[in-house]
Amino acid sequence: MTTTAIEPTTAWLLLGAFSVVWVTLGVLWGRKARSLDGYMVAGRNVGFALGAATCVATWITSNTMLLAPQLALEMGVWGMLAYSTASFGLFLFAPMAARIRDLMPNGYTSGEFIRLRYGKPAWAAFLTISLFYSLTWMVSMGMAAGILLEALAGIPYIYGMSIILCVCVLYTLFGGLFAVIGTDFIQSWLILAGIVCLAIAIIVHTPVREVHATIAENRPALLNVFFPAALMALFNNLLFGLGEIFHNNVWWSRAFALGKGVGRRAFAFAGLLWLPVPIVAGFLGLAAPALDINVASADMVGPVVAAHILGTGGAILLFVLVFCSLASSIDSLLAATSDLVTKDIVQQVLAPSATNEQLRRYAGWVVIGIGVVTWALCFRRISTLAQVLFFAGPLVGSAIWPIIAGLYWNKTNPTGALLAMVLGSASGLFAYLEIGWYSGALVGTAVSMVIVIGATWLAPASFDWRRLAGDTTGASNA
Amino acid sequence: MADADEHGPFDAGHVTLAWSHDESGGEFELEESIDGGPYARRYVGPDRGAFLSGNPDGRVRYRVRWRASDDRPWSTWSTVREVTFAHHSLDFALALFGLGGVVFTLTAAFVIARSRGDR
Amino acid sequence: MTLFSTGFFTACIYAAITLAAIGCVLLAAFVIRDVRKGRLW
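Protein chains in written order, with my numbering: chain E, 1 to 478; chain L, 1 to 119; chain A, 1 to 41.
To be clear, the hints were calculated from the coordinates, so they are not data collected in a lab. Among the hints, erroneous ones may be present.
Claimed, not checked - Beta-carbon label-pair distances, calculated as ranges:
hint, chain 1, residue 1, chain 2, residue 2, range
1, E, T415, L, L90, 37 to 45 angstroms
2, E, F226, L, A40, 43 to 51 angstroms
3, A, A11, L, S89, 51 to 59 angstroms
4, L, L90, E, G470, 39 to 47 angstroms
5, E, T415, A, R36, 50 to 58 angstroms
6, L, S33, E, P220, 16 to 24 angstroms
7, L, D71, A, F8, 45 to 53 angstroms
8, A, I32, E, I435, 26 to 34 angstroms
9, L, S20, A, L26, 48 to 56 angstroms
10, L, D71, E, S383, 39 to 47 angstroms
11, E, I158, L, R116, 16 to 24 angstroms
12, L, G117, A, S5, 14 to 22 angstroms
13, A, S5, L, G98, 20 to 28 angstroms
Computed from a predicted model, the values in this text were never measured in an experiment. The beta carbon of each residue, even a glycine, is placed where N, CA and C say it ideally should be.
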C-alpha cells in the first residue's frame, strides 16, 4: 500500500479509546484479584461462557487474522483449511483440561505438573522449551503490533508496539487473570462479529461462485487438491499447534481457572468457535484475485481486501479486529508466563519460603519484567527475531507426548520424558534445518512419541497420582 | 526491476516481485510470459510490487514499464526477471502427509481413548 | 490437476460464515445466561 488505509488521527483515537477501556476494566476487575488464587487462576470458578470466550480469544492471534489470508493466497484452499485444523488442539485439550483440574485441584502451572510428575531434570528441559516459546511468541506479537499499526495507519512502529505492550502490561498487572478473561470475552465477540460482517460484505460484493471461477481460470494451482507444499506442511503445522496448546501455561492456567466440570465443555465450544475463523479470514485472501486487487506484499492481503471492499470503514474494522486479537493473546501470555516464572523459578529457586501474599506481589513485578524484556527485544525491529518463533515448532512438538503420557499413564518414567524432550527437540531442529521448515515439528513429535512409548514399555514406573494433588505449596482459599 | 528478497526455490508456486522508479507517482505495467509464450498484462497501477501465487510448474518471465500519467508515453521495458516454478514432488509431499497423519492419529487416539474413563 | 469444485468451495465458505455467526450469538447468549445464574466467574 502506498498510502495508509486509515487516517492517523482516527487510528490514534481508536487506540486511545481501546486503551482506556481495557485499563479501566483491568483496574475494576482487579478488585477481585487481591489473593494469589484470584490473581493467577481467577478464583478457580470461571463459568462456561467466559471460559470458552477466553480460550477462543487467546487462540485467535494476530497470525489468525493476517497469516490465514496470506496462507490462503499462497497455498489456496488447502492453506485455508489447514489453518483451521489448529482448532483440533482446543478439541483435544478439552478432556485434558478436565483431567488436569481433577489431578491438580490446587495447581497453578504446567511447569509444576512436569516437576511433580517427572522431577527436576525434565522440569528444567520443559521450562527451557516453554520460556523460549513464550518469549518468542510475545516478541512476534509485539512486533506484529508495531508493524501493523504502521502499515494500517502510519503510526510509527515504536509507538504502536510500545502502546499495545504497555496497555496489556497495565491491565494484566492490575487485574490478573480476571482482567485477562473479562477483556478476552469482549475481544472475542468483537472479532467473531467483525469477521462475519467482513465476509458478508465480500459475498454481497462478489459471490463465492465468482471467486471460485476467477481462481480456477487465473490461478488454478490454488484450487489444486494435490498441492504439494500445502499437503506436506499440513500435519507439521497441526502438530505445532497441538504442542503449543498442550505444553503452554496459557492453556494450563485456564484449565485451573475454569470451575469444576466446566473445562471440557468450554474448551470444546472454543474449538467450535475458532474452527471457522481461519476459513473466513482465508476467504479474504482468496477473494483478492477475484476482486482484481493487486497485492504488493502477501502479509498485507487481509487489510488490503478489507479496505478495498468497505473503504475506510473496512480498514477500521480490520484495525479493531487485529488490535483485539493482539491484545487478547498478549495479555494471556503475559499472565500465564508470569505465573510460570513466579511459581517455577521465583518460588522454587529464588524464594522458597515466600508467602502467598509475597508471591502475589512478585507476580506483579514479573509481569512488568516480562513486558520490559519483550519491549527491549521488539525495540530494534529485527525481523529475524519473529522468525525465531518457527524454531519453537520442534521444541513444543517434542513436549506433546511427555505431557499426554504423563497425564494418562502412570507407567511413563522421568528418564523417558526427559530424553523425549531433548532428543525430540534436537532431531526436530535438525530436520527443520536439513529437510525444511515443514518437517521440524513433525519429526520432533514423532521422535519424542517413539521414545516415550518405548521407554514406558521397557522400564515401566508406577507413579502415584495423589502426589500431583498433594504438593501444592500455594494451596489457599481465594 | 528488483526481486524482493526471494531467491527461490520457488517450490510453492508463488513469488514476490518488487520494482522501483526514480520519480514518485505514475503507474506501472507488469507483463508476464509463460514458458516462452507471448507477454500478457498482469497488472497496471501505482503499486511497486506484486505477490503472485497459484503458478503451476514452469518458467515465467516478468517485465515492467512506467509512465508518469495516462497522456505520457511508456518507458522502455525493464530487464527481464525469470522465475522457474518447480513444486515439491508430490510423492515426497504425500510421504510427509502420511507420516504426519500417523503421528497425529496416534496422538489424538491416545488422548481420546485414555480420557474416556474419567468422564 | 484435480481442482476443488465450486460446490465444495462454496459450501466451505458458507458453512464457516454460518458457524461463526451462530457462535457469536451463542457466546453472547451463554454469557447472559451465566450472568443471570450468577456463575459468570
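Hint check results:
1. A hinted range of 37 to 45 angstroms for the beta carbons of E/T415 and L/L90 is consistent with their spacing of about 41 angstroms.
2. As the Cβ distance of E/F226 to L/A40 is approximately 27 angstroms, the hint placing it in 43 to 51 angstroms is violated.
3. In this structure the supplied range 51 to 59 angstroms is violated for A/A11 paired with L/S89, their Cβ-Cβ distance being about 31 angstroms.
4. At roughly 54 angstroms, the beta carbons of L/L90 and E/G470 sit outside the given window of 39 to 47 angstroms.
5. Our hint of 50 to 58 angstroms for E/T415 and A/R36 holds, since their Cβ atoms are close to 52 angstroms apart.
6. Look at L/S33 against E/P220: about 18 angstroms separates their beta carbons, and that is inside 16 to 24 angstroms.
7. Against the hinted window of 45 to 53 angstroms, the Cβ-Cβ separation of L/D71 and A/F8 comes to about 48 angstroms, which satisfies the hint.
8. One distance hint, 26 to 34 angstroms for the beta-carbon pair A/I32 and E/I435, is violated here, with the actual separation near 51 angstroms.
9. Between L/S20 and A/L26 the beta carbon distance is about 50 angstroms. The supplied range of 48 to 56 angstroms therefore holds.
10. Range check, L/D71 to E/S383: Cβ separation about 41 angstroms, and the 39 to 47 angstroms hint holds.
11. As the Cβ distance of E/I158 to L/R116 is approximately 52 angstroms, the hint placing it in 16 to 24 angstroms is violated.
12. The given range of 14 to 22 angstroms is broken by L/G117 and A/S5, whose C-beta atoms sit roughly 42 angstroms from each other.
13. Remark: the range hint 20 to 28 angstroms for A/S5 to L/G98 is upheld by a beta-carbon distance near 25 angstroms.
Checked against the numbered hints given earlier, this structure breaks hints 2, 3, 4, 8, 11 and 12; the rest are met.
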